[in-house]
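Novice: Following the hints, put chain H in place on chain B, whose structure we already have.
Protein chains: 2
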Amino acid sequence: MRSTVKDVAARAGVSPKTVSNVVNGLVPVSESTRAKVEAAIAELDYIPNLSARGLRNGRSGVIALALPDLGTPYSAEVAHQIVEVAHEQGWSVQLEETGHDPHRELDLVSKARANLIDGLILNPIALDVSAIRTGGNLPPVVMIGEVEQHQVDHVGVDNFSAARDMTLALAAGGRRRIAILGTTENRRTATANIRTMGYRQALDDLGIDHDPHLEIACDEWIPGGSARALGNYLRENQLPEAIFCFTDSLAIGALSVLHLEGHRVPQDVLIAGFDDIDHGQFAVPALTTISFDKRALAEEVMRLLRGRMADRKREPVQLTLPYQLISRASSAAH
Amino acid sequence: MRSTVKDVAARAGVSPKTVSNVVNGLVPVSESTRAKVEAAIAELDYIPNLSARGLRNGRSGVIALALPDLGTPYSAEVAHQIVEVAHEQGWSVQLEETGHDPHRELDLVSKARANLIDGLILNPIALDVSAIRTGGNLPPVVMIGEVEQHQVDHVGVDNFSAARDMTLALAAGGRRRIAILGTTENRRTATANIRTMGYRQALDDLGIDHDPHLEIACDEWIPGGSARALGNYLRENQLPEAIFCFTDSLAIGALSVLHLEGHRVPQDVLIAGFDDIDHGQFAVPALTTISFDKRALAEEVMRLLRGRMADRKREPVQLTLPYQLISRASSAAH
Numbered sequence: 001m002r003s004t005v006k007d008v009a010a011r012a013g014v015s016p017k018t019v020s021n022v023v024n025g026l027v028p029v030s031e032s033t034r035a036k037v038e039a040a041i042a043e044l045d046y047i048p049n050l051s052a053r054g055l056r057n058g059r060s061g062v063i064a065l066a067l068p069d070l071g072t073p074y075s076a077e078v079a080h081q082i083v084e085v086a087h088e089q090g091w092s093v094q095l096e097e098t099g100h101d102p103h104r105e106l107d108l109v110s111k112a113r114a115n116l117i118d119g120l121i122l123n124p125i126a127l128d129v130s131a132i133r134t135g136g137n138l139p140p141v142v143m144i145g146e147v148e149q150h151q152v153d154h155v156g157v158d159n160f161s162a163a164r165d166m167t168l169a170l171a172a173g174g175r176r177r178i179a180i181l182g183t184t185e186n187r188r189t190a191t192a193n194i195r196t197m198g199y200r201q202a203l204d205d206l207g208i209d210h211d212p213h214l215e216i217a218c219d220e221w222i223p224g225g226s227a228r229a230l231g232n233y234l235r236e237n238q239l240p241e242a243i244f245c246f247t248d249s250l251a252i253g254a255l256s257v258l259h260l261e262g263h264r265v266p267q268d269v270l271i272a273g274f275d276d277i278d279h280g281q282f283a284v285p286a287l288t289t290i291s292f293d294k295r296a297l298a299e300e301v302m303r304l305l306r307g308r309m310a311d312r313k314r315e316p317v318q319l320t321l322p323y324q325l326i327s328r329a330s331s332a333a334h
Numbered sequence: 001m002r003s004t005v006k007d008v009a010a011r012a013g014v015s016p017k018t019v020s021n022v023v024n025g026l027v028p029v030s031e032s033t034r035a036k037v038e039a040a041i042a043e044l045d046y047i048p049n050l051s052a053r054g055l056r057n058g059r060s061g062v063i064a065l066a067l068p069d070l071g072t073p074y075s076a077e078v079a080h081q082i083v084e085v086a087h088e089q090g091w092s093v094q095l096e097e098t099g100h101d102p103h104r105e106l107d108l109v110s111k112a113r114a115n116l117i118d119g120l121i122l123n124p125i126a127l128d129v130s131a132i133r134t135g136g137n138l139p140p141v142v143m144i145g146e147v148e149q150h151q152v153d154h155v156g157v158d159n160f161s162a163a164r165d166m167t168l169a170l171a172a173g174g175r176r177r178i179a180i181l182g183t184t185e186n187r188r189t190a191t192a193n194i195r196t197m198g199y200r201q202a203l204d205d206l207g208i209d210h211d212p213h214l215e216i217a218c219d220e221w222i223p224g225g226s227a228r229a230l231g232n233y234l235r236e237n238q239l240p241e242a243i244f245c246f247t248d249s250l251a252i253g254a255l256s257v258l259h260l261e262g263h264r265v266p267q268d269v270l271i272a273g274f275d276d277i278d279h280g281q282f283a284v285p286a287l288t289t290i291s292f293d294k295r296a297l298a299e300e301v302m303r304l305l306r307g308r309m310a311d312r313k314r315e316p317v318q319l320t321l322p323y324q325l326i327s328r329a330s331s332a333a334h
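Protein sequence lines correspond, in order, to chains B and H. The opening position of the first sequence corresponds to residue 1 in full-length UniProt numbering, with each subsequent residue numbered one higher. The opening position of the second sequence corresponds to residue 1 in full-length UniProt numbering, with each subsequent residue numbered one higher.
Bound conformation, chain B alone:
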């Protein structure tokens, strides 16, 4: 027969209310009491009744984090920070991968309530945010990454300015043949679009004409994708003076193919990335990149999400985090 909360209480020598407090995790319980109750739960193989989980105000204590692809280092670092901050604040994090599929993104938003998720942190890639109903019907959502919308709480970085700054930095010393790597042909991404606009703005600032041959498409934002794209490009085009890769992962693929083809970085071509992933600093040579505080992102996201849970009707908040251009050996002046 299935054990009940009373069985656990009797075994642990505490009141049923104390068992409930341990299970719910909402009320502080002394370590020794907690240990006794947990031992009794384990010994009796007790499965708490769902309604015993203390879902005050219908809360489950679980938030969902939806990322396009968890397997990339940038996503992993962001997920790590969000999981860490959420845990510190008592939330469990359920992980969802959208796989660059706008239908899956919309599906997650519409199902968040039904799936007993208290809130959703969404890094959309292709989501048509106009498809998201605003107002009371929306689950508490905070978006991260690049989105062109103002209806939903959002934490991001000024990608336009960051891309312009990086392009200007690569142009220092009079370089004019500055390429970008990572524009996309087969899928829409706000990230690629905004960084491309920042790049073009820098060229305008410098009085350099846009050369479409210097905008190198790469749909797959992984090292293998950029190695293939840049390898193909170099068979038919001259080596640019500098290449601004739209992510560090793209830059790592670029460094690999340039090494294999005998081009020296930075002597023959400057390389820069974006994201400041942990491995970028240890690339050969070390990667110049755009950095922002991923821990601060996680903290702001959780702050906005809790605020949205508390007040579903408040005006959407748009937060912009500062970024830093970090110059390393891959773009060292020569």
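One thing to keep in mind: the hints can contain errors.
Intra- or inter-copy, both count: the list cannot distinguish identical chains.
Taking lysine to any residue pairs in the SDA-like style, the calculated list, with each CA pair at most 20 Å apart, reads [stated by the list, open to error]:
| # | residue 1 | residue 2 |
| --- | --- | --- |
| 1 | K6 | R34 |
| 2 | K36 | N21 |
| 3 | K36 | T320 |
| 4 | K294 | G224 |
| 5 | K294 | P322 |
| 6 | K294 | D69 |
Read the hints as simulated data drawn from the structure, not as lab findings. For clarity, every value in this text was computed on a predicted model and none was experimentally measured.
Specialist: What follows is chain H alone, placed relative to chain B:
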């Protein structure tokens, strides 16, 4: 007033049972019916009663995945595969980070039932598995990674043989001063211990005496950790002929510091890693490594976990996946 399942059914023009089927996700429902019900749920801001979530046999549809640190590329790639396979099979994945803390590992095991987790996939680092009670009290658990135990279902790779094979490969051509990088001083890890034993076995096979100066300690298994450890080592020791790094992340840090100090890879020293992370293939030079099929790992883990849920009393299963030594430029013969 809070909406009920009847309100949703009326709005969608379906029966309450159909609403329940959509919410539970256990019974197939046509796409058009699902869309109508989900629209009604969103419009009415309906929050399903917990007991409506269809927890047949007390199941929540959620499994937990506990990793030491989600932020490293290897963990991220494994997590990505497990989340993908779990989703395909209808499970949500709740993510837990143990942060190399054995107490947190034990805590997760003991709380899995109380937290309404149907099963737990655990990659233990320091867990004293003898602390885990066996038999009916244990939640359904499958362990991955290196563990020295036979009481719990486990999927892994033969790390001893893989480390021996890699050491023998690096010794080909008569090299004798072969170092390892990644032994640990301040924390116990089964992974480091087993790989060290495989390395020493290879030296025995080759008739090479163990030289403790060639076992380079590094507690932090990230590029920054190995760059520091190897940098310090090289100030007081001669460059080895080859360095077998216990992970690709350690190897990437090693490549970085060797590049900065003017040592050429592979001309001056061979480098190898372990894990075959996506970025390793695009390191400069490309990394020799031990590879295994991470998708197959995820499939076997989910198969064992479902089997354990179905039969809590069956004998523990130990599955060993094949591995492959992939030779790339970082260890190319010269």
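Novice: Each hint needs a verdict: does it hold in this structure or not?
Specialist: Hints, one by one, checked against the model:
With identical chains, the CA atoms of K6 and R34 are at most 20 Å apart within one copy only, with a shortest distance of 16 Å there and 40 Å across copies. Proximity of K36 to N21 under the C-alpha cut-off of 20 Å is restricted to the intra-copy arrangement: shortest distance 13 Å within a copy versus 39 Å between copies. Neither within a single protomer nor between protomers do K36 and T320 lie at most 20 Å apart by alpha-carbon distance, with minima of 47 Å and 37 Å respectively. In this assembly of identical chains, K294 and G224 lie within 20 Å of each other by CA distance solely across copies; the values are 18 Å between and 25 Å within a copy.
Taking identical chains as interchangeable, the C-alpha atoms of K294 and P322 lie at most 20 Å apart only when both belong to the same chain, with a minimum of 11 Å there against 37 Å between chains. In the homo-oligomer, the alpha carbons of K294 and D69 lie at most 20 Å apart both inside one protomer (17 Å) and across protomers (15 Å), since each shortest distance falls under that limit.
Taken one by one, the earlier hints fail for this structure only at number 3.
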